Amino acid sequence: MTNRAATEPPPPRILIVDDEAANLTALRVTLGHQGYETEGFTDPTAALAALKQGGFDLLLTDLRMPDMGGVELLQRAQALDPNLVGVIMTGEGSIASAVEAMKTGALDYILKPLKLGAILPVLSRALTMRTLRLENAALERSVRERTAEREKALREVENQTTERLRAEQAMMQIQKMEALGQLTGGVAHDFNNLLMAIDGALHLLDKRLEPDHVGRKYIEGAREATRRGARVTNQLLAFSRTQRIELQPIDACAALREAAPIIAHALGPTISLRLDFAPGEIWTKTHRDQLELAVVNLAVNARDAMPDGGEVVLGVAPGDGPAAVIWLRDDGCGMTPETATRALEPFFTTKERGKGTGLGLTQVYGFAHQCKGEVSIESAPGAGATVRIVLPRIEAPAAEVKERPADISVARGGRVDPGRIKVLVVDDDDAVRQVLVDGLRVEGFDVIEAAGGVDGLAALQSRSPDALVVDFAMPGMNGAEVGGRARALRPGLPIVFCSGYSDTAQLEKVEGAVLLRKPVSIGVLGRAVMDLVAAQTV
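Heads up: the sequence shown runs through residues 3 to 540, numbered per this note's numbering.
Derived from the structure by calculation, the hints contain no laboratory data. Each hint should be verified, as a subset may be incorrect.
Unchecked claim - Here are the simulated BS3-like pairs of lysine-lysine, each with C-alpha atoms no more than 25 Å apart in a straight line:
#, residue 1, residue 2
1, Lys209, Lys424
2, Lys374, Lys511
3, Lys219, Lys209
4, Lys105, Lys54
5, Lys287, Lys374
6, Lys287, Lys54
Said to hold, decoys possible - The following label-pair restraints were derived from C-beta to C-beta distances:
#, residue 1, residue 2, range
7, Ala48, Thr130, 54 to 62 Å
8, Ile264, Glu376, 20 to 28 Å
9, Gly321, Arg146, 38 to 46 Å
10, Asn138, Pro271, 48 to 56 Å
11, Asn138, Arg229, 46 to 54 Å
12, Arg166, Gly37, 26 to 34 Å
13, Glu380, Val159, 25 to 33 Å
14, Gly93, Lys219, 17 to 25 Å
15, Gly37, Thr164, 32 to 40 Å
16, Glu313, Gln55, 58 to 66 Å
17, Gly321, Val145, 35 to 43 Å
18, Gln77, Arg146, 22 to 30 Å
19, His371, Pro309, 26 to 34 Å
Just so we're clear, the structure is a prediction, and the values are computed from it rather than from any experiment. A virtual CB, placed ideally from N, CA and C, is assigned to each residue, including glycine.
Produce the complete structure using the sequences and hints provided.
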């Protein structure tokens with residue numbers, strides 16, 4: 003027993019800083035049971051004094067503390083020990099605080115209230131990174147200590163060190179982008195629910211006003227603002243890679259040649275657009291609208307870097323792989339290596355306040371990865387910038403002749419009376435559910451409601467609705483489970499899914515259901531319900 007204990011490595015030492023003593027004590031006890039050695043402080047200044055003594059592997063700190071925030075504490079701690087890894091705890095759940103913390107060098111973040119299943123994987127990754135950093139530091143010291151007689155060996159080790167550092171940086175960048183992607187996807191979902199509630203309330207208000215009422219123009223202005231907000235969430239979802247887009251074979255040359263007038267308009271009158279397309283066709287599997295939006299975002303970014311005007315070149319060329327390479331080059335002010343590295347992050351911008359959202363290149367990044375492609379930026383201060391989107395290239399598809407389906411409104415012999423349709427609305431968000439219920443009632447539907455999956459299935463059995471409208475992301479039982487069980491109880495039941503998330507692959511298992519992305523207008527929802535019900539009568 004003694005010999006084995008002597009050879010075992012010491013447990014990792016974690017310094018925990020939280021101004022709430024109860025949280026600190028509970029966390030130390032929990033991690034102690036997991037084999038970690040911990041030391042805790044409620045005072046960040048005292049924690050820094052302990053850090054100066056050394057011996058810690060990881061700093062786990064709260065983000066918001068009265069005397070010194072977690073961001074400042076982490077910066078000071080890493081000045082004392084550059085190899086120290088930091089993890090931020092935050093109860094805010096906001097993208098701004100998490101992004102701010104990760105910008106300062108935090109490896110990851112944990113949302114409060116803390117759960118053991120969420121804490122342990124983060125600590126494991128962080129300690130693995132600590133080990134890599136220490137190994138790299140030791141390797142660099144070894145290289146520096148080599149003698150001149152072993153110069154050749156020294157160069158080889160330096161090359162290995164460089165590659166290892168590059169791999170570490172790449173891994174850290176991937177982890178950071180994935181964490182930001184998950185966070186932005188959740189924020190977009192919440193934002194879509196807010197927009198849904200606002201737009202639905204405006205729709206109901208609009209229905210109550212006379213046609214010539216002066217308030218209608220203000221309502222329309224507010225609804226246009228919700229539509230702009232929806233476009234922002236689409237960009238967030240594109241970055242998080244949860245926005246499911248249907249990929250189709252597209253000739254990139256033809257698509258962008260047709261989009262050239264729109265791109266030129268985005269550049270403005272002082273910047274000329276020159277096309278440099280390879281001869282022939284270059285096919286790739288992508289989404290035409292998202293491709294055009296990505297190039298327009300690149301054009302807008304180039305325009306802002308060229309206040310005195312100039313020329314932008316848009317090119318399409320074959321690449322290795324095989325690949326389709328879409329690139330845009332400007333002769334603007336260019337970027338530093340640091341800026342180019344961070345340019346794809348959401349909300350990162352070098353523009354003046356109010357002149358950019360920091361989401362343009364984010365959309366480009368998310369779009370490319372959804373198409374199984376990559377984005378690269380080549381730039382230097384004063385030398386302009388070239389952004390390349392590299393997508394998998396495919397063979398030109400064979401021409402298809404598809405039979406046009408009969409129009410459903412004709413096939414069913416006229417629209418269904420909504421007053422004869424009983425709709426069950428299931429959504430856990432009270433505000434969203436209220437506008438859906440009230441909106442459908444204003445449209446003439448007979449509506450019943452439920453705040454969750456269990457209550458919804460009970461209402462399905464007791465009230466016998468003609469159609470089901472259900473949210474996807476709900477606690478306990480999500481929309482896919484509700485839809486699947488509903489179909490088991492009522493085969494062929496018309497189902498409309500509404501979701502602020504876009505990662506909804508589970509919904510595809512519910513055959514014949516319709517998916518509408520939040521925020522969805524009441525009119526669109528009502529037509530979807532009537533079309534599904536009417537299709538059963540054909």
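field: Satisfaction of the hinted span 58 to 66 Å by the C-beta atoms belonging to Glu313 and Gln55
entry: Holds, since Glu313 and Gln55 (Cβ atoms, about 60 Å apart) stay within the stated range.
message: Holds or violated: Lys105 and Lys54, Cα atoms, limit 25 Å.
response: Judged against 25 Å, a Cα distance of about 24 Å means the pair holds.
query: At the C-beta level, are Gly321 and Arg146 separated by a distance inside 38 to 46 Å?
result: 41 Å, holds
- prompt: Are Arg166 and Gly37 spaced within 26 to 34 Å by their CB atoms?
  reply: 28 Å, holds
query: Regarding Gln77 and Arg146, is the given constraint of 22 to 30 Å on their beta-carbon distance met?
result: The hinted range 22 to 30 Å holds for Gln77 and Arg146, with Cβ atoms some 27 Å apart.
message: Would the hint linking Lys374 and Lys511 be met if the CA-CA limit is 25 Å?
response: The hint holds at about 24 Å.
task: Check the following: the C-beta atoms of His371 and Pro309 are separated by a distance inside 26 to 34 Å.
output: Holds, since His371 and Pro309 (Cβ atoms, about 31 Å apart) stay within the stated range.
query: When you check the alpha-carbon spacing of Lys287 and Lys54, does it fall within 25 Å?
result: 55 Å, violated
- prompt: Does the Cβ-Cβ separation between Asn138 and Pro271 fall within 48 to 56 Å?
  reply: 52 Å, holds
query: Does Lys209 pair with Lys424 here, judged by a C-alpha cut-off of 25 Å?
result: 21 Å, holds
task: Confirm or reject the claim that Gly93 and Lys219 have a C-beta distance inside 17 to 25 Å.
output: 42 Å, violated
message: Taking the Cβ atom of Gly321 and the Cβ atom of Val145, is their distance within the range 35 to 43 Å?
response: For Val145 against Gly321, whose Cβ atoms are near 37 Å apart, the range 35 to 43 Å holds.
When the structure is compared with the earlier hints, violations turn up for hints 6, 7, 14 and for no others.
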